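Participant: Chain residues, written in single-letter form:
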Amino acid sequence: MKTKGITVVERFIEKGILGLAALFAVAFAAMQLLSEAPTTKAAGGDVNPGTVDARLEEQTRRLKAAIDVEGLPAGVEVQEASGDVGPSFTELVSTPTVGFRKVEVTEAAVDLGGVGGIALTAGAYNVPALPGPPEVFVETHFDAISVGELELSSDDEAVLESRLGLSGSSGDIVWNTVGFQIPWDEMDAAMRDAPGADRDMPEAWYSGQVDVLDIVVERQQRVDGDWTSAVVLKTMPARWSLRDNLVVEGLSRKDRDSIVESLWLDQGKERTPSPILQDILRPEFYTTASDRWSAPLAPSLEEETASKGENWREIANWKRKLREAQKKANRRAASIEGLGGTPGQVDEPERNNQKPGQGSGPRGLGGGDRNSGSGGGSGRRESSGKRAAPGAGLSSEGGGFGAGTSAPEDPEKKKRQLAGLQKQYQDALKDVSKAQSRLLALGYDPSQAGAVELGGLGSDLAVAWFHDLEVEPGAEYRYRVRFDVLNPFFARQLDLQEAQISLAKSIVMPTAHSAWTPTVAVPGFSQFFLTGGEVDASKMQAEVFCFKEGRWWSHTYNRLQLGARIGDVQRKQNGAERVEIDFGTDWMPVDLEIDYSMGDDDIESGQAAIVRLQHVSDHARPILSRQVWLDGTSLSRDQFAQWVDEADALAEPEPEEDDRSDPSRPPSGEGGGGIGFGGSGGSSGGGRGDR
Amino acid sequence: MNTKKVLTLLKANLWSLLTLVLSLGIGGGAVFWASGEWKKVESTLAERAKVVNQLDGFHRVNLDVSIAGNNVVSGAGVPTAQLIEEVNTQVERSNAYAKAFVADAESFHLRDRKPFNTELFPEPPSSKREVIPETFHGQMASAYENLENEVAAVKPLGEEELVEKLRARRRMYLGGLDEIPEENLNDYRAAMSEQRVSSLRDRAMEGGVYLDSEAIDFPAYEQAKSYPLGELYLWQWDYWIREDILRGLTANNRPEGVFDNPVKRIRRIAPEPISAFQGGTDKPGPGGMGMGGGTSGGGMEGGSESLDQPISKDLSYSLTGRRSNGVWDVRPVDILMVVETARLPEIIDELTRENFFTVLDVSLTPVDSFAALTEGCYYGSAPVSDVALRLETVWFRSLHQDRSKAGSPESTDEFDQGAGAQVAWWMPADLREALGIPVTDPMGDQGMDGGMMGPGSEGWR
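Taken in order, these protein sequences are the chains called A and B. Heads up, the first sequence stops at 690 in numbering that gives the first Met the number 0, and the numbers go up one at a time, no gaps. Heads up, the second sequence stops at 460 in numbering that gives the first Met the number 0, and the numbers go up one at a time, no gaps.
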């Protein structure tokens, strides 16, 4: 290397630089190798790059171990998942929002009892004891009926045929009409003055009027000498009845009000019964062949008079005649009104035709005095010819009571009918007058013999009735009656204490029962009466009555022999034709005895005989014993005879131009009849012998 | 030293110079690089240390879990599989409870209600447009009649009826006479008084509550009037309001005997009208008594909120602070009635149980029971009061929707999911507009209508 001419610096600079570089390198190496590694805190301790990975791994394993623990972590509590998470919505809704239950009120309670201080709050009330009908009287009726012509529904027809005991749709029938009086005043008084020490019922609860909702008639039949259990008679088919409505569960006040409103047409001063109430209390019987049924007449109270004695039979006979005459007059009056006429008024002016049974409207209730120019002069209203039944006024269909006359289309014919009816009406009034005179002559007050007038339905002791359709000829019955009236406690449970709450459930309150009627023997369709018996028993006389084809027939047998059956087939005149009627009975005389204690005249005339009869087929039946003088003078025989006469008269053909033509000839069949049996004061007996 | 010499020097020592430069450069670079590497190491160390800390921290994690305010898990540590499973169980149980709660609330409120005439709403077919409103009116009238029977409503005994009964009793008393005899006058007066009170009491026994016609206030149908659909729908809505209120008020009433019942007479049930349809002005809010009170602004501002936003309360509006929003409508109702004073708490309890009802205000005035007799009302002996009550009633929007057509949230129908489940409204468009519910379908309401996507339109789900 060249050294000449170079400086020292130049000569050593290379070495210097290399030296510096070497020095720097050594310094750098020393710095790197001798400096401390960085550290930091981690997981509670220091870590450096050399240890951090190990620590990391260690933590990872530790965490995994913790995760993999089976069960819950240590120190951790878990609440049991049982019960409800919280209250249900329904529970929250039902929670009261108001914190207190009652508001303290300082005002006193108010008494709203009104001026009279009547407390209208729940309490115990005296329960009225309502009386039933004071007396019950029964009449038996015979007639013929064609159910198919009644224009009933098929169901009603079937029921009616069954209950009347018809084998087909038509035939002869017998039924009982059970009459009774309604003691309105007495029931009203009982409502107002109930027994007991509790409160009296407010009059407003029954509005001062008693409403009869149903008639409950019980019947017993005598079988083998014993009375059977009482049965409640059913109401008539095709007639209004509330009975089914009254037993419905859950009746409301509105139902009650509807029922009550249906009973009366006018709630004012004059109450007019509605057709519904008419059907309940005074049901019209169905149209029969003769349509002779008329409303029953209640027997009046009879005094015990001294005229009983020898004349008692005659008195009883004339009493019966008086009643029958009155009824006949009533029937004729009804027929006259049915044709638009006025009973007792002759020379009828022309009037519009009316339906049978349609008469003078509300006067049909028995109101209205039609006592003009008639023969009734006894002073008793019934003898004035007042109509018996209301039906002629309000019952516009099927004829009224006893007014079964068809209105003829021919005015002239109608005029003749009216004239004929007027005549019969006058004749009946004459019979009434005659009977009254006769009774007076016998020393008996005829005013006691007559019947209680029918009167308006709203009048006190108004007569009402019920038809028993299911009677058997020859059977014996007795009846008793009660009313079901509107219960004033009905639906008043809020006004009653607990002990009396049950009073509010039923819409009806029953009255007391009437007493049982005396036994009512329903005659058979065939009756016989012994009218004579010879001393030597060679022959006997008997009269047989038979109900056939809607009318009574009679035949007299004058030469009955012992051992011979009473009755046989006879041909009888029925108007223009002759018919065969079987008068055969089931009895034959087997012995005759004379009661020699009777007078010679009686013995000679055959009235002293006592005849014993045996049943033709049933020899186990007891022997009948009949006294001729009793049979012959029997009131029943007179009654049957009268019916036969009436039937014969009706059956006579109507002559042309004859002013006395019978206007009341029924379209088919003639003359049914009613027998007043049983009841209190009614004539009993009759019905002797049956088929 | 001059430059030339320097340069010459440098040229003469070029390799040295280079060495120097390189040495300096490499040295400096090495320092710089080392520094960088040091930082990286520090950074990596810090990160890993952080992870270590995290992993360590998991052992001290707070495991407190609270569901519906109940603390189901407490403690700290690492959650295990069993812990997670038990927590999930609790969550599911809680969800089920919530679902059931919501379902009960919906069922309680909505009651499967739908309009009496679904042909009419939201839009009737054009062929029946003229006829259906009157038919609907008849259905409403019939519904009110049934409601009156249901609550055993009875009318006070009218003067004519009472006079008729008194006349009938007088006739019975007269018994055919023309005048009452002097000596019987006192008895007669007592009898008439008894009849009067008894007649009133009998009428009171026929039902459980006197109901004035103003309580129902259902207008007669006017043939010449053209009814907007919204007004017809309001008939229906007002009926639901009255139905629930009447049922609530008579919940403890027996069907017979007004005098024994807590609520004697209902004079008025008046839902606050909706201004666009019933001509009402913006009435004060429900905070005060029905005749006022509260701040301005009706309760029927609607549609400004939805489920996406928290439900706000405005306590200056009412004491509950509730206002109509996208979820519900608030309809205040004024009630006037006569009640047995001591039993008012019981009445309010039953009323508020009937639906989402809140009593905002009550005022009482004692009633003279004797004076009430002249109005034909027999209240009984317990003290009674006239009560004026302001009731806040809340009605979910979903009440007015045809839920049978609503899409299910669980539906897999892509359209449903994509469209956000369309809503079919019973409520006509005009009423919805009045309530602030968006009506977005320009075609009108045909069952699949507007308001599908906008806020306030989803209703309650």
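Treat the hints as calculated values from the structure; they're not laboratory data. Treat each hint with caution, since some may be false.
[Claimed, not checked] Using 27 Å as the maximum straight-line C-alpha spacing, the simulated DSS-like pairs for lysine-lysine come out as follows:
hint : chain 1 : residue 1 : chain 2 : residue 2
1    : A       : LYS40     : B       : LYS49
2    : B       : LYS4      : A       : LYS14
3    : A       : LYS538    : A       : LYS504
4    : B       : LYS113    : B       : LYS224
5    : A       : LYS422    : A       : LYS433
6    : B       : LYS154    : A       : LYS504
7    : B       : LYS127    : B       : LYS113
8    : A       : LYS253    : B       : LYS154
9    : B       : LYS98     : B       : LYS404
10   : B       : LYS164    : A       : LYS253
11   : B       : LYS98     : B       : LYS312
12   : B       : LYS127    : A       : LYS504
13   : A       : LYS40     : B       : LYS38
14   : B       : LYS3      : A       : LYS14
15   : B       : LYS10     : A       : LYS14
16   : B       : LYS49     : A       : LYS63
17   : B       : LYS154    : B       : LYS164
18   : B       : LYS113    : B       : LYS98
19   : B       : LYS39     : B       : LYS49
20   : A       : LYS40     : B       : LYS39
Only a predicted model underlies this, so the values are computations on that prediction, with no experimental measurement involved.
Participant: Against each hint, give a clear statement of whether it holds in the structure.
Facilitator: So, going through the hints one by one against the coordinates:
no. : hint                    : verdict
1   : LYS40(A) <-> LYS49(B)   : 9 Å, holds
2   : LYS4(B) <-> LYS14(A)    : 21 Å, holds
3   : LYS538(A) <-> LYS504(A) : 70 Å, violated
4   : LYS113(B) <-> LYS224(B) : 25 Å, holds
5   : LYS422(A) <-> LYS433(A) : 16 Å, holds
6   : LYS154(B) <-> LYS504(A) : 25 Å, holds
7   : LYS127(B) <-> LYS113(B) : 20 Å, holds
8   : LYS253(A) <-> LYS154(B) : 14 Å, holds
9   : LYS98(B) <-> LYS404(B)  : 21 Å, holds
10  : LYS164(B) <-> LYS253(A) : 16 Å, holds
11  : LYS98(B) <-> LYS312(B)  : 25 Å, holds
12  : LYS127(B) <-> LYS504(A) : 51 Å, violated
13  : LYS40(A) <-> LYS38(B)   : 17 Å, holds
14  : LYS3(B) <-> LYS14(A)    : 24 Å, holds
15  : LYS10(B) <-> LYS14(A)   : 17 Å, holds
16  : LYS49(B) <-> LYS63(A)   : 18 Å, holds
17  : LYS154(B) <-> LYS164(B) : 16 Å, holds
18  : LYS113(B) <-> LYS98(B)  : 23 Å, holds
19  : LYS39(B) <-> LYS49(B)   : 15 Å, holds
20  : LYS40(A) <-> LYS39(B)   : 17 Å, holds
Of the numbered hints stated above, those contradicted by the structure are hints 3 and 12, listed in ascending order.
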